[in-house]
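Hey, can you work out the whole structure from these sequences and the hints?
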Amino acid sequence: MTSATFRIWRGNAKGGKFQDYTTEVSEGMVVLDAVHQVQAEQANDLAVRWNCKAGKCGSCSAEVNGSPKLMCMTRLSSLPLDKPVTIEPMQAFPSIRDLVTDVSWNYQVKKEIQPFSPREPDSADGTWRMEQYDVERVQEFRKCIECFLCQDVCHVLRDHRLHGEFIGPRFFVYSAALEMHPLDTVDRTTELANDHGVGYCNITKCCTKVCPEEITITDNAIIPLKERVVDKMYDPLTKLLRMFRG
Amino acid sequence: MSTRGQGEANRSMDYESYEHDVLVIGAGGAGLRAAIEASSAGVSVGLVCKSLLGKAHTVMAEGGMAAALANVDDRDDWKVHFADTMRGGQYLNNWRMAELHAQEAPARARELEAWGAVFDRTKDGRILQRNFGGHKYPRLAHVGDRTGLEMIRTLQDHGIHQGIDVHMECTIVELLKDGDRVVGAFGYDRERGRFQLFSARAVVLASGGIGRAFKVTSNSWEYTGDGHALAYRAGADLMDMEFVQFHPTGMVWPPSVRGILVTEGVRGEGGVLRNSNGKRFMFEDIPDLYLSSTADDEEEGWRYTQGDKNSRRPPELLTRDHVARCIVREIKEGRGSPHQGVFLDIAWIKERLPNGAEHIKKKLPSMYHQFKQLAGIDITEEPMEVGPTTHYVMGGIRVDPDSQMSTVPGLFAAGECAAGLHGANRLGGNSLSDLLVFGQRAGQYAASFAKEQGAASINQGQVEEVARQALEPFERGEGNVEGPYQVQFDLQDMMQAQVGIVRTEGDIQKAIDEFPTLRSRADRVGVQGNREYNAGWHTALDLRNLLMVAEAVARSAILRRESRGAHFREDYLQKDAEQGKLNTVVRLDSSGEMQVKQEALPPVRGDLQEIIEDNK
Ligand SMILES: Cc1cc2nc3c(=O)[nH]c(=O)nc-3n(C[C@H](O)[C@H](O)[C@H](O)COP(=O)(O)OP(=O)(O)OC[C@H]3O[C@@H](n4cnc5c(N)ncnc54)[C@H](O)[C@@H]3O)c2cc1C
Ligand code: SF4
Ligand code: SF4
Ligand code: FES
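In the order they appear, the protein sequences are chains A and B.
Position in the first sequence (first residue = 1) + 355 = the numbering used here.
Position in the second sequence (first residue = 1) + 67 = the numbering used here.
Because the hints were derived from the structure by calculation, they are not lab data.
Note that the coordinates shown come from a computational prediction; the quantities given were computed from them, not determined experimentally.
Here a beta-carbon is modelled for each residue, glycine too, at the ideal position from N, C-alpha and C.
Treat the hints with caution; some may be incorrect.
[Unchecked claim] Derived DEER-like restraints, expressed as beta-carbon distance ranges:
hint, chain 1, residue 1, chain 2, residue 2, range
1, B, Ser657, A, Ala479, 55 to 61 Å
2, B, Lys399, A, Ile558, 56 to 62 Å
3, A, Lys564, B, Arg543, 55 to 61 Å
4, A, Ser459, B, Ala181, 27 to 33 Å
5, A, Ser459, B, Asp560, 36 to 42 Å
6, A, Asp586, B, His406, 52 to 58 Å
Encoded structure:
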């Protein structure tokens with residue numbers, strides 16, 4: 356048995372500090388295991404979110420040695436253990452306590468996006484026909500586990516704090532899944548441009564790099580949405596038609 | 068108490084009040100579906116859950132949702148699904164629930180598609196279905212191996228536009244009663260630790276399972292049997308609590324991931340189980356009930372997994388209880404893998420399929436990732452090591468099969484926390500369909516019950532008592548007292564060893580004798596810190612529920628002197644025809660003691676019995 360030191364942020368919205376905990380580590384452990392061990396042995400009241408411990412629920416997001424990670428999928432063997440491992444909460448959201456942040460903003464944002472609305476069923480029994488080929492694009496987006504790590508890393512939210520004008524990469528993925536859904540009939544381009552701030556994204560691709568589900572957020576979701584916006588809002592013919600219609 | 072201010076805040080009994088016509092406790096598939104239904108019936112609905120929305124257990128389901136859509140094999144229909152479910156449950160199922168489930172699952176699956184779910188497709192563009200243990204035909208609608216995510220996200224994204232009030236990260240600690248009737252619930256918000264009171268005309272429990280009562284489990288911290296315990300304390304009957312499903316394939320190595328699920332979908336796609344001699348041991352022991360429907364040899368089994376309609380299923384796809392016990396036998400008899408499991412090999416299909424590795428990654432993407440990231444194993448190259456893990460509880464709150472109302476007026480239950488549908492053993496894929504079928508029914512009937520009720524009054528005395536009890540761990544504080552975690556660990560060790568996959572009277576009795584000690588330890592635990600997101604406090608409060616359900620499992624298990632489905636008694640190896648006609652019922656008696664007795668099953672309706680015989 357060897358031991359390692361974990362430098363965990365303890366505190367709440369009013370402030371806090373890092374505290375070191377040394378605990379035994381064994382083969383195969385992930386960061387979340389170490390946090391749980393500290394919680395059970397040394398700090399019963401340590402606050403941390405988790406559910407599945409298998410990268411499926413997106414609850415255990417945090418910053419490990421400065422990078423946004425799912426704690427349950429980050430093996431200790433991938434980290435240098437000769438110095439303390441720092442574990443801190445996501446920075447793009449307000450602190451609640453210790454490693455837990457207030458992510459409720461994300462839930463409000465989702466509500467503002469127009470929901471799915473399908474075309475009339477294709478067959479008399481009320482069902483639709485879709486080719487596997489046609490749904491694959493959307494299925495990639497629907498892998499999202501809502502860990503919000505992409506939101507955490509996006510400079511528009513993290514540094515510029517434009518939470519009021521910009522929905523963030525997670526919700527561009529969500530909008531793209533709806534826009535590209537073979538059955539959906541709603542057009543969301545106007546609000547994507549005007550209210551949801553797709554224009555703020557300058558394609559740094561930081562979000563794509565941290566996505567634990569390996570969704571190609573920028574190339575497959577955001578860029579096509581930007582193109583749709585351009586086509587619809589700035590295409591001369593469409594513009595003309597809009598003027599015409601008043 | 069460290070400071071006076073904190074001590075006072077910790078002691079505050081203030082609470083916020085909310086009023087809803089229907090209160091749904093739990094936001095997994097069952098709770099969300101119930102809330103959507105109740106809301107569409109025109110009543111006001113509140114939905115509470117311990118985690119954030121979208122993180123409930125349902126998100127973890129992998130393999131799929133069973134529904135006789137007959138998209139892949141047109142011989143399938145609700146009757147075959149019904150018969151499969153009854154056979155899988157060893158005829159202890161509530162026949163009416165099995166009937167409704169098989170009949171209504173297809174409509175519930177299609178409805179998900181209408182709400183935006185994107186299932187994998189057949190060649191002619193319909194919902195694709197896959198093979199799973201105990202299902203005669205390919206029946207599981209799925210999305211790769213992340214079906215639960217698709218289901219919960221679809222319900223969540225639809226539900227947030229239905230005017231439902233969602234209270235996330237809120238834990239209910241007690242149901243409130245007015246006379247006989249349940250009229251609300253009391254809990255605390257996890258973030259700040261403030262108390263919350265919900266008054267309601269009807270309450271739906273959709274709180275999931277009890278897996279945390281065992282040491283090795285695929286279940287998260289949420290599964291402490293809260294709903295079971297809440298219902299029990301409110302006077303409702305629990306039923307068939309001895310039936311706990313041990314899934315045959317959980318990860319066994321490294322130690323920190325022990326118990327995490329390896330989906331049955333691996334076997335559905337052609338994965339095989341081998342012991343340390345390289346032998347496919349599942350061919351050696353095939354139960355009589357399944358002899359005629361199991362492949363004769365490896366060749367036929369392979370053809371079945373590849374969709375050949377004239378072949379029969381390989382023995383790896385027998386029911387979970389049986390596969391789990393065969394694995395235990397191999398390990399016990401010294402033919403296990405290095406880390407006390409057996410080998411599950413999907414990589415071998417590369418011998419049969421030209422693009423085998425790609426095929427595996429496409430069909431089982433999250434398994435591929437899970438092993439790669441957590442165990443450093445590439446499943447397209449090497450076999451996995453797997454062993455049984457506590458997965459699901461068939462037992463639960465006894466409900467009326469049509470309305471899902473418990474034996475207490477105003478209290479409904481749906482999903483994993485309700486009993487009846489699965490009998491002695493659940494078939495894979497029958498849970499996700501259960502959530503939708505009975506979530507919908509519970510929502511509908513709770514709404515109509517709520518409409519018929521006058522206002523009820525909240526008993527302030529009960530509220531104060533519950534609040535006082537909830538704060539006791541702080542009163543005992545940090546002093547020289549035990550924390551909650553050690554008690555939880557000891558309970559889990561005991562249940563695993565004494566009331567696990569293989570049971571005997573002596574072992575179970577030992578467990579039963581331990582409960583008074585564990586309970587008094589739990590009653591004395593203390594917690595440090597304040598009420599904000601305090602995991603120690605939460606664990607201390609959950610302990611009471613965990614102990615209650617564990618005791619119900621043990622006391623029910625000792626009463627059933629036979630082996631049936633998931634309940635395996637080494638001292639009674641055979642099924643017993645007489646006991647096969649009895650359900651085990653647990654209730655709180657008037658003196659505050661746990662009463663366990665056996666009651667006769669309702670006899671199966673004639674036409675359904677014929678369906679069962681026809682499908683034998
Ligand atoms: C890894 C895994 C894979 C699975 N794969 C499949 C599969 O492929 N097919 C299949 O059919 N089944 C599968 N199952 C089983 C199935 O997923 C579950 O049985 C099902 O999702 C349970 O759903 P539910 O709605 O009853 O409860 P859950 O989804 O667990 O939701 C319970 C809810 O209740 C809330 N809650 C609990 N207690 C309280 C309280 N005290 N106060 C407030 N809220 C509370 C929780 O926060 C949560 O929101 C799988 C299970 C696991 C663990
Ligand atoms: S690519 Fe766009 S959305 Fe993604 S991190 Fe960069 S700015 Fe943010
Ligand atoms: S898109 Fe990826 S990083 Fe962003 S929330 Fe979803 S899973 Fe997480
Ligand atoms: S605990 Fe579910 S993603 Fe980490």
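We went through each hint and held it up to the structure:
no.	hint	in the structure
1	Ser657/B / Ala479/A: 55 to 61 Å	holds, 58 Å
2	Lys399/B / Ile558/A: 56 to 62 Å	holds, 58 Å
3	Lys564/A / Arg543/B: 55 to 61 Å	violated, 48 Å
4	Ser459/A / Ala181/B: 27 to 33 Å	holds, 29 Å
5	Ser459/A / Asp560/B: 36 to 42 Å	holds, 38 Å
6	Asp586/A / His406/B: 52 to 58 Å	holds, 56 Å
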